[in-house]
Amino acid sequence: MRETARRLTLQYVVASTLILLASGLLGVLIRDSQANLGRLGDNTWYALMTAHGLGAFLGWAGFAVMGFAFWVLQELGFELRRFGLAMARLTWWLMVVGVAGVLVSTLAMHFAGSWVFLYPIPFHSAGEWGKWATAIFLSSVLLVGLSIVTWCLSILDTVIGPGLHAVKGSLLNRLGVAMGFGYLWPKRFATGAKPVPYAVIPLTVIAIDMIIATLPLAVLLVEMIVQTFAPSVHVSPLLAKNVLWWFGHPVVYLLLFPAVAIYYHLVPKLANRKLVAGNVIAIAWVIAVIANVFVFAHHVYLDYPTGTVQASINTAMQPITFALTIPSALSLYSLAFTIYRSDWKWTGASTALFLGLVSWLIAGLSGVVNATIAFDTVIHNTLWIVGHFHHMALLNIGFAIFAAIYYFLPDLTGKPLYSDAMAKWHIWLTFVFGMINSALWMWQGLEGAPRRFSILPDRYMTLAQAAIPFVIALGLTQLLFVYNIVQTMRGAKKKPRAVATAEAMFLLAAIAAAIGLFVVGFFLGRDTAPSKGGGGETPAVTTTTAATATTATTTGAAAAAAGKEVFTQNCGACHTLKDAGTSGKVGPNLDATMPTKAKALLRLNAGKGAMPSFKGTLTPAQIQAVATYVSQVAGSSG
Amino acid sequence: MGGTAILIAVAFGIATLIAVWVSIAVASSTLSRGPMDEQKAAHRERNWLLIVIAFLVVLLFATIFFIPYGKTAPKNSQVVNVTGYQFGWLLSASTVKANVPVEFVLRSRDVNHDFAVYDSKGVYLFQIGVVPNYTQKLVHTFTKPGRYDILCLEYCGVGHHLMETHFEVVP
Numbered sequence: 001m002r003e004t005a006r007r008l009t010l011q012y013v014v015a016s017t018l019i020l021l022a023s024g025l026l027g028v029l030i031r032d033s034q035a036n037l038g039r040l041g042d043n044t045w046y047a048l049m050t051a052h053g054l055g056a057f058l059g060w061a062g063f064a065v066m067g068f069a070f071w072v073l074q075e076l077g078f079e080l081r082r083f084g085l086a087m088a089r090l091t092w093w094l095m096v097v098g099v100a101g102v103l104v105s106t107l108a109m110h111f112a113g114s115w116v117f118l119y120p121i122p123f124h125s126a127g128e129w130g131k132w133a134t135a136i137f138l139s140s141v142l143l144v145g146l147s148i149v150t151w152c153l154s155i156l157d158t159v160i161g162p163g164l165h166a167v168k169g170s171l172l173n174r175l176g177v178a179m180g181f182g183y184l185w186p187k188r189f190a191t192g193a194k195p196v197p198y199a200v201i202p203l204t205v206i207a208i209d210m211i212i213a214t215l216p217l218a219v220l221l222v223e224m225i226v227q228t229f230a231p232s233v234h235v236s237p238l239l240a241k242n243v244l245w246w247f248g249h250p251v252v253y254l255l256l257f258p259a260v261a262i263y264y265h266l267v268p269k270l271a272n273r274k275l276v277a278g279n280v281i282a283i284a285w286v287i288a289v290i291a292n293v294f295v296f297a298h299h300v301y302l303d304y305p306t307g308t309v310q311a312s313i314n315t316a317m318q319p320i321t322f323a324l325t326i327p328s329a330l331s332l333y334s335l336a337f338t339i340y341r342s343d344w345k346w347t348g349a350s351t352a353l354f355l356g357l358v359s360w361l362i363a364g365l366s367g368v369v370n371a372t373i374a375f376d377t378v379i380h381n382t383l384w385i386v387g388h389f390h391h392m393a394l395l396n397i398g399f400a401i402f403a404a405i406y407y408f409l410p411d412l413t414g415k416p417l418y419s420d421a422m423a424k425w426h427i428w429l430t431f432v433f434g435m436i437n438s439a440l441w442m443w444q445g446l447e448g449a450p451r452r453f454s455i456l457p458d459r460y461m462t463l464a465q466a467a468i469p470f471v472i473a474l475g476l477t478q479l480l481f482v483y484n485i486v487q488t489m490r491g492a493k494k495k496p497r498a499v500a501t502a503e504a505m506f507l508l509a510a511i512a513a514a515i516g517l518f519v520v521g522f523f524l525g526r527d528t529a530p531s532k533g534g535g536g537e538t539p540a541v542t543t544t545t546a547a548t549a550t551t552a553t554t555t556g557a558a559a560a561a562a563g564k565e566v567f568t569q570n571c572g573a574c575h576t577l578k579d580a581g582t583s584g585k586v587g588p589n590l591d592a593t594m595p596t597k598a599k600a601l602l603r604l605n606a607g608k609g610a611m612p613s614f615k616g617t618l619t620p621a622q623i624q625a626v627a628t629y630v631s632q633v634a635g636s637s638g
Numbered sequence: 001m002g003g004t005a006i007l008i009a010v011a012f013g014i015a016t017l018i019a020v021w022v023s024i025a026v027a028s029s030t031l032s033r034g035p036m037d038e039q040k041a042a043h044r045e046r047n048w049l050l051i052v053i054a055f056l057v058v059l060l061f062a063t064i065f066f067i068p069y070g071k072t073a074p075k076n077s078q079v080v081n082v083t084g085y086q087f088g089w090l091l092s093a094s095t096v097k098a099n100v101p102v103e104f105v106l107r108s109r110d111v112n113h114d115f116a117v118y119d120s121k122g123v124y125l126f127q128i129g130v131v132p133n134y135t136q137k138l139v140h141t142f143t144k145p146g147r148y149d150i151l152c153l154e155y156c157g158v159g160h161h162l163m164e165t166h167f168e169v170v171p
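Protein chains in written order, with my numbering: chain F, 1 to 638; chain R, 1 to 171.
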């Protein structure tokens, strides 16, 4: 059976690592684009953001910790039984097919509703994606959701198995034992051997919670798939928002709690002593199992429509969210004292565990800021949040995953780790670059920079560009990880420390040189490139080559004149615009909506509702001209 | 950066410094290995729990009175009707008076939006989610005349970042 668990875990590790590389690359691309380095089109940017979010969060981090949960349980004497194993295998396939579907619907079919696909946005694509893209995306997310449920069943079946030494108890009693109740009520939840290992508790807790959290979302997803083809079916957007976060918060802990199991299991091993934990830690997990499924509304602190109970729900969320910090606070205490003055050797795996704990502490503190309504009013939906969760997901959960890979890979493959020195370099550099990456985001967030903007307002550009060298370095550092893993799996001979360090240094020097050349080349190239005109211009300008377009972009007055003519001939019948003397009533009054040039371009190219796309009717140059004209005069003489 | 943002930056900065100091202390302790009373440390976890609870209770009572809910508009308020749509804002008035409360009455025509206001220096002031099918209200008194910019902070489609408009506060 050890062999089965070994192969299963390896499958999860390999698949999730491949997804990490793909989604990490998408992350670098969208971040670069924000800083005006390789600008992507709006649809592409938001589609990549959607794929990056789901891919990195569930396809990498979630998938990886799901796999290591099986291995941790195996090491603790909890064997997968027949049902558990079948569920574990089904989970793998559901996740892989689901992630593939997300990639196809976003990258190939332009679905760009963000990973939260906030109802009813999938049905309001502004002409950017079709019904089938929506249906495939929603079905794929449903598969990912089902994979979470099957994983939970697999974990529950395993933790109540013979490994518990309490097989005679009733089902509920065994669940209680697996949740650590034996530490609090030793008689009632007695076992044939010692109490349950600490690492089993967070796994049991999350397996219970994720079933409760995922099923309502699955119902909503089915409703949305039906609505894609039968628009008369619909639900309340406010209810849908709550259902989304009913799942959306606990899913964060689908990543964190199994990572905690890895910490609980590996830190004592490496410190060569038992986990320093009092019985109160079992209380923390009782709080966790209850509070986790009730904290959802802290994601909607700033939604409180008149005449609803949402404000009261939101207010209640602050103390509940605060209560949820207790499992983290106690775990950090126990893990820190387990390491304190211990026989701790600084290897790649142990460094990853230690720095992961440091990140957990610091990212936990920024989480307390988010949990506080009075503070959330300032940082809600800003880049602060993005900085917070990348800090938590990459540098805490990700580091538990890296630690588990560096520690367990020799057991899983039967081959020694290629280079521990290289592993340490990977961990330290990822830590430093990742910290800077998150810190810059949080700083921008405090300055009010919005999240999920393909193009940020100009005032945030300096920090967005300052982050780029670190983002690229962070991405390239992962090559050290990939190289090390591939060499290990190939069975390459273990290198002496000095050789491996030299190899790592060489790789890094090459990386640094590449970044240097890239950045220098970029700025030289940008300085010599033709200037792009005033602010608010879109890249579309540079793609038009017609002679009139050159005129249109070089002299605003000429553009306006040309645009006015195009407008009166093509647009005036539907739109009111005083400057052009038109008074159409079919579409919005442009003097009232005052569209920016970029928005006018979007509408002209994609159409919306009754408005057709003018892509075929007008030349690109005419579209540019009319957009320039409208953005200049709308509202001005009104 | 607004006042609350500066407060967050300072508080989080101090907390991070303490966290780093603790981390370094734990890390360096492994260089001078030695006996540690594990049972005592495990037993004292109870005290740590009480400290954490005390801290959270203090923070809760220090901040819970600053929630943005339940504010009603005074009678002399200026009402501005706001409609969010893909991708723009319609305001029923483009100017409001300074030092007189403004009641924003917000609705969405299509998807979720988030109405956020920034002052003329680009400093963020406040935001409120705009859920379709519902009406939401927010009261704010502007003291400084000038141009105020509006952005959308809830992802609402590929033109999300284009949802900008502005209004004037006049003396």
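For the record, the hints were derived by calculation from the structure and aren't laboratory data.
One thing to keep in mind: the hints can contain errors.
Stated by the list, open to error - Heads up, incomplete: computed chain R residues facing chain F, CB under 7 Å, no partners named:
(1) GLY3
(2) GLY13
(3) LEU17
(4) ILE18
(5) ALA42
(6) ASN47
(7) PRO68
(8) THR72
(9) ALA73
(10) ASN99
(11) VAL100
(12) PRO101
(13) GLU103
(14) ASP110
(15) TYR134
(16) VAL139
Said to hold, decoys possible - Where chain F lies over chain R, by a calculated footprint (3+ residues, C-beta under 8 Å):
(17) 20-31
(18) 57-64
(19) 75-81
(20) 85-98
(21) 123-133
(22) 140-146
For glycine and all other residues, C-beta sits at the position ideal for the given N, C-alpha and C.
For which of the previously enumerated hints does the structure constitute a violation, in increasing order of number?
-> 1, 2, 3, 4, 6, 8, 9, 10, 11, 12, 13, 16, 19, 22
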